[in-house]
Amino acid sequence: MKILYGDEWRAFDLTGLSVGVLVPPDQAARIVPAVVGSARAVKVFQDSPVWVVPVAVPRVGPVVSLARLHLRMAVRDAWTRRLLTPGRFGSREVVVSPSYYRALEQPHCKLVAWPVYAIVEHGVRTAEGIEHRLDVLITANPLGKAKAA
Amino acid sequence: MTYDFDAMLQTIKDKQWSLADIEWDAPGAETMTDELRAKMQPFLADLVWIEHVGARGFASLARKAPTPVVREIYEYFHAEEQKHANAELALMKRWGMLDEDGSIPEPNINVKLAIKTLDAFGDSLPLSALATLIPLLECALDGALVKFLLDEVSDPVCHEVFRHINSDEARHITVDFQVLELIGAGPMHRLLVESASNLKPQVVLGLIVVFVPLINKMRDNIVAMGLPEQKLYNAVKRFRTIGGRGEYTHRIPAYHVLKAQAAMVIDRSHPYHRLLADPMVKVTSFVPARILGRPQTWVDEVTHEPVAS
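Taken in order, these protein sequences are the chains called A and B. All residue numbers for the first sequence refer to the working numbering, where the first residue is 1 and numbers rise by one. All residue numbers for the second sequence refer to the working numbering, where the first residue is 1001 and numbers rise by one.
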């Protein structure tokens, strides 16, 4: 598995590859729509969700209601919506992305909300006991290098 | 002294294991005789469903957690229960207990009702009710069901898998009871208000229509498969003992309600069975599964494959 840090993925041809995205949610909202077109399969490893709005709105007023409505309209599956809904200790950040949820809805894109506990030679291991095999892992954290087995 | 949840979270992270760590083709599968296979297949199918539905319970608990660290611990526990369901399904696969497509056997109507209830109300159940129910189920699982399985099956791979599972479960039970201490130490008025809110119609109805027959059906199924009733008795005794050791747990009304119910469940001669539980098992057996609709997609997430591409 090839690990790409930060913006390295921009210069990398992902055509036909199985790609994992392990980055904070604001970056995932930017990266996932960009890679989902070329990759064969995309797995988005989510630590904790944030609210996403389709257009920039002032941070006053019912921004969370708008984000909730956006989520309800854009994501069909009730359980996936739950996984994408921030909890009471969740981040207060609001991310602007018109295409993140649409990208997640692609049949070859999968949201993985299980905690990631190790990056290994061929993929990422999550706490539900499964090793997710990948060709490429896009991650923001250079410390991931130290963890890689 | 306050419990160090941060240290526990670190331990949980350090102790993670994967299905890929297990050699599923190692020798020993031949110890599963045809006779034992026929006996254990329905038992394991029930066990996988208990773990899988238990995992969903932790997902709701994570939403209710009193602190961010406890929330993160519950998120791991949610995943670990799912891992246990996955590992037990992989054991079923190893022993030739699954059909060709390797899918989990269809659950009975009472499990389906429990899934429906969790989908509809899981996230709105009060913390104290859910936080009390989960350790009771874990004591039963850990103390009775798993011990029974390990007594019956000699396959070394099964014993290796359950060494991991038991070590996880020991941490679950420790945290579950420490959270009860945390809840119990809260102001009495809050406990009373929350307990009063437990009396919402969906909770009471859920308890009587879903939980009572679910537990009784499982209880009778498993005893019929050969689980000694003494093991169930010991499991409930453990719940009482650990809960009784705590300084504040006894202040939680839900703890006393579930403790009393558990005592009735294990005593087959108690009128609880004749007057409530047995009729509810009978009534729910007439519920057509199709009226429940399709469950949420978490139900499909269990897998016996250690590696996903």
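Hints listed in this document are in silico derivations from the structure and should not be mistaken for laboratory results. Some hints could be false.
[As the list claims (entries may be wrong)] Label-pair distances were calculated between CB atoms; the ranges are:
id, chain 1, residue 1, chain 2, residue 2, range
1, A, 40, B, 1293, 31 to 39 Å
2, B, 1096, A, 62, 37 to 45 Å
3, A, 8, B, 1069, 30 to 38 Å
4, B, 1029, A, 8, 38 to 46 Å
[As the list claims (entries may be wrong)] Output of the computed footprint for chain B on chain A, the stretches with three or more beta carbons under 8 Å from beta carbons of chain B:
id, stretch
5, 25-34
6, 75-82
7, 85-92
8, 108-119
All C-beta atoms, glycine included, are put in the ideal place defined by N, C-alpha and C.
Quick one: are residue 1096 of chain B and residue 62 of chain A within 37 to 45 Å, going by C-beta? The hint (37 to 45 Å, Cβ to Cβ) is violated, given that residue 1096 of chain B and residue 62 of chain A are roughly 56 Å apart.
Tell me if the beta carbons of residue 8 of chain A and residue 1069 of chain B are separated by a distance inside 30 to 38 Å. 33 Å, holds
Are there three or more residues in the stretch 75-82 of chain A whose C-beta lies closer than 8 Å to some C-beta of chain B? Holds: 5 residues of the stretch 75-82 of chain A have a Cβ under 8 Å from chain B.
Within 8 Å of chain B's CB atoms, at least three CB atoms from the stretch 25-34 of chain A: coverage verdict: violated (count 0)
Measuring from beta carbon to beta carbon, are residue 40 of chain A and residue 1293 of chain B in 31 to 39 Å? Holds: the Cβ-Cβ distance is about 34 Å, inside 31 to 39 Å.
Does the Cβ pair residue 1029 of chain B, residue 8 of chain A satisfy 38 to 46 Å? 45 Å, holds
Go check the stretch 108-119 of chain A versus chain B for me, would you? Three or more residues, Cβ under 8 Å, otherwise it fails. holds (count 4)
Count residues of the stretch 85-92 of chain A with a Cβ under 8 Å from any Cβ of chain B, then say if the count reaches three. holds (count 3)
Consistency with the previously given hints fails for numbers 2 and 5, ordered from lowest to highest.
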